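Chemist: Protein sequence lines, in the order shown, are assigned to chains A and B.
In terms of this note's numbering, the first sequence is residues 163 to 432.
In terms of this note's numbering, the second sequence is residues 114 to 419.
Since the hints were derived computationally from the structure, they do not count as laboratory data.
Please note that a few of the clues may not be correct.
[Unchecked claim] Simulated pairs of lysine-lysine, PhoX-like, Cα-Cα distance not exceeding 20 Å:
no.: 1; chain 1: B; residue 1: K195; chain 2: A; residue 2: K239
no.: 2; chain 1: A; residue 1: K230; chain 2: A; residue 2: K274
no.: 3; chain 1: A; residue 1: K253; chain 2: A; residue 2: K239
no.: 4; chain 1: A; residue 1: K307; chain 2: B; residue 2: K348
no.: 5; chain 1: A; residue 1: K415; chain 2: A; residue 2: K396
no.: 6; chain 1: A; residue 1: K307; chain 2: A; residue 2: K288
[Claimed, not checked] The following label-pair restraints were derived from C-beta to C-beta distances:
no.: 7; chain 1: B; residue 1: P397; chain 2: A; residue 2: K288; range: 32 to 42 Å
no.: 8; chain 1: A; residue 1: F218; chain 2: B; residue 2: S398; range: 30 to 40 Å
no.: 9; chain 1: B; residue 1: A403; chain 2: A; residue 2: E353; range: 45 to 55 Å
no.: 10; chain 1: A; residue 1: N188; chain 2: B; residue 2: K195; range: 31 to 41 Å
no.: 11; chain 1: A; residue 1: F280; chain 2: B; residue 2: K400; range: 34 to 44 Å
no.: 12; chain 1: B; residue 1: F367; chain 2: A; residue 2: M306; range: 34 to 44 Å
no.: 13; chain 1: A; residue 1: T177; chain 2: B; residue 2: G210; range: 32 to 42 Å
None of these values were measured; they are calculated from a predicted model.
Where is the CB? At the ideal position from N, CA and C, for every residue including glycine.
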Amino acid sequence: MLELTNLSKTFNPGTPNQKTALSHLNFRLEDGDFVTIVGSNGAGKSTLFNAIAGTFYVDEGSIRLDGKDITYLPEYKRSRVIGRLFQDPLKGTAPHMSIEENLSLAYLRASKPGFGAFSRVSKADKAMFRDHLALLGMHLEDRMKHPVGLLSGGQRQALTLLMATIVTPQLLLLDEHTAALDPATAEKVLELTRSIVAERHISCMMVTHNMHQAITMGNRTLMMSDGSIVLDLKGKEREGLTVEQMLQMFRDKANKALDNDRILLSSLGN
Amino acid sequence: MLSLSVVQNALEVGFIYALVALALFLSYSILNIADMTTDGGFTLGCAVSASVCIMGHPVLALFAAMIAGAMAGFITAFLQTKLGVPSILAGIVTNTGLYTVNLAVMGFSSNLSLFNCDSIFTLAKDALSPVVGSWYKLIVAALITLIICTLTVLFLGTRLGISIRATGDNPDMVRASSINTATMITIGLCLSNAMTSLSGAVLAQYNKSSDINLGTGMVVIGLASLIIGETLVGKGGMFRCVLAVLVGSVLYRFIIALALKMNVPAECLKLVSAIIVGFAIALPSLKNWAAFQKRKWAALHGKEAQ
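Model the full structure from these sequences, guided by the hints.
Modeler: If you want it as structure tokens, here you go:
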């Protein structure tokens with residue numbers, strides 16, 4: 163369970179570039195929730211993820227994950243329990259290292275800090291990696307020794323998804339993780355996301371600019387504007403919702419339209 | 114051509130300096146940091162080794178030098194990971210400070226002579242020379258370097274080694290995998306500078322002297338060896354990379370020996386090294402430029418022909 167209380171973050175305070183990215187934001191994610199997040203550019207979606215993941219510390223407020231206060235925990239310590247995927251497929255993997263080495267890095271989360279630093283990846287671990295890779299259905303299990311730099315963007319993103327979840331995280335943050343992929347690959351990675359999240363019962367937050375995705379994936383949808391959550395749809399009110407209805411709700415709440423070409427295009431497309 | 118003694122000498126020195134190239138492989142190729150601590154760290158190894166040898170402990174001298182080198186690496190790492198000093202500047206700052214430290218270690222004299230005390234080479238001479246004759250020096254140098262190379266290859270395959278490699282490859286991903294990049298950089302620089310100092314320590318005992326200026330330009334010499342090796346042997350697994358470092362370092366010494374043979378004055382060797390490094394690092398850009406000019410020429414003149 164993730165609990166955000168009164169979260170605020172201002173960039174470049176006291177300068178002409180001052181920007182309030184998060185403004186007294188409150189939010190509570192229940193165990194097993196799969197939340198989709200939409201909002202215009204600059205609404206604070208990525209800032210919210212960065213704050214949760216610990217890329218920076220917030221100015222105000224507190225972050226609790228499964229009852230533990232992680233507000234001042236450094237990023238690398240939070241990443242033991244928080245998995246994260248970015249829009250850029252190149253961000254999540256080390257290109258000059260093999261698939262096997264990348265996975266063993268991700269699997270370090272399973273061991274205690276510092277424990278077994280000089281141990282090598284065991285046969286059993288390798289077999290386990292192979293089984294996991296096979297589930298992706300991309301034949302990567304036959305290419306364990308290949309450098310990751312040789313894989314396509316979609317393959318790298320699928321691998322990153324596997325790395326983020328190989329040790330079941332308490333929270334999975336997906337920041338438009340399919341936006342840079344071609345439609346067929348994006349659909350494949352989304353399907354993998356859906357099945358892994360459901361199977362392991364992972365609490366998950368996903369930023370998307372695709373309105374159709376936003377209402378079809380997960381069990382709850384947030385809309386952000388100017389650093390706050392303006393709309394929180396779940397249960398009955400979310401069922402059977404159309405993209406047009408949701409855009410209208412957003413206009414009413416935020417007093418402005420979702421001003422993003424990608425949103426318009428993706429809502430027309432679906 | 115080269116006489117046997119020149120070949121022997123090039124091999125000996127090549128193996129000793131290979132440790133500097135190996136250190137730069139760790140800091141430059143793997144961690145992506147141009148570590149300017151190298152020059153001072155090398156002299157630090159010489160100075161510590163000479164001082165401890167004079168006290169009568171040539172083997173302990175090597176370990177003492179490695180610890181001293183690791184400490185120098187730690188300072189550079191601390192400056193860049195905790196205090197936000199850019200990595201090149203951090204190395205230069207440490208390097209500058211080390212000049213005074215090195216003088217202090219040598220009792221504020223700019224050189225020390227080891228002619229009257231035991232070294233690992235005199236110990237080896239007593240034990241080995243009845244069997245192997247004059248090759249005992251090469252055996253000692255090669256043994257030390259090969260041990261360190263083997264340990265390095267093994268280490269880079271461990272979880273810690275993989276974490277360090279990933280830190281140089283993609284720091285974003287490493288932070289997201291619950292690894293502290295600052296710790297990895299610190300461990301990497303401590304190890305690499307320990308190797309650099311070990312190289313200096315062995316060289317001081319080999320030369321039977323330590324001089325405050327021995328390390329000057331060492332980073333360029335190490336890079337030259339590293340680049341020669343990578344160009345000829347190529348990159349690949351960790352074993353191949355470390356092999357490349359060895360080959361590069363020995364070849365570099367042969368190039369120097371040849372240059373001396375052709376009466377290039379010894380004072381010019383640093384310039385030769387600098388030109389090799391500058392040229393080798395620029396080579397990919399030069400190749401691209403040449404290929405582009407060729408395409409452009411073909412395109413322009415192809416049109417005229419039509």
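Chemist: State for each hint whether it applies.
Modeler: Tested hints:
1. B:K195 <-> A:K239: The hint holds at about 17 Å.
2. A:K230 <-> A:K274: Status holds; Cα separation ~18 Å.
3. A:K253 <-> A:K239: holds (19 Å)
4. A:K307 <-> B:K348: The hint holds at about 15 Å.
5. A:K415 <-> A:K396: It holds: about 16 Å lies between the C-alpha atoms, which stays within 20 Å.
6. A:K307 <-> A:K288: With a Cα-Cα distance of about 11 Å, the restraint between K307 (chain A) and K288 (chain A) holds, given a limit of 20 Å.
7. B:P397 <-> A:K288: 32 to 42 Å: holds (35 Å)
8. A:F218 <-> B:S398: 30 to 40 Å: holds (36 Å)
9. B:A403 <-> A:E353: 45 to 55 Å: holds (47 Å)
10. A:N188 <-> B:K195: 31 to 41 Å: holds (35 Å)
11. A:F280 <-> B:K400: 34 to 44 Å: holds (40 Å)
12. B:F367 <-> A:M306: 34 to 44 Å: For M306 (chain A) against F367 (chain B), whose Cβ atoms are near 39 Å apart, the range 34 to 44 Å holds.
13. A:T177 <-> B:G210: 32 to 42 Å: With a Cβ separation near 36 Å, T177 (chain A) and G210 (chain B) satisfy 32 to 42 Å, so the hint holds.
Checked against the numbered hints above, the structure breaks none of them.
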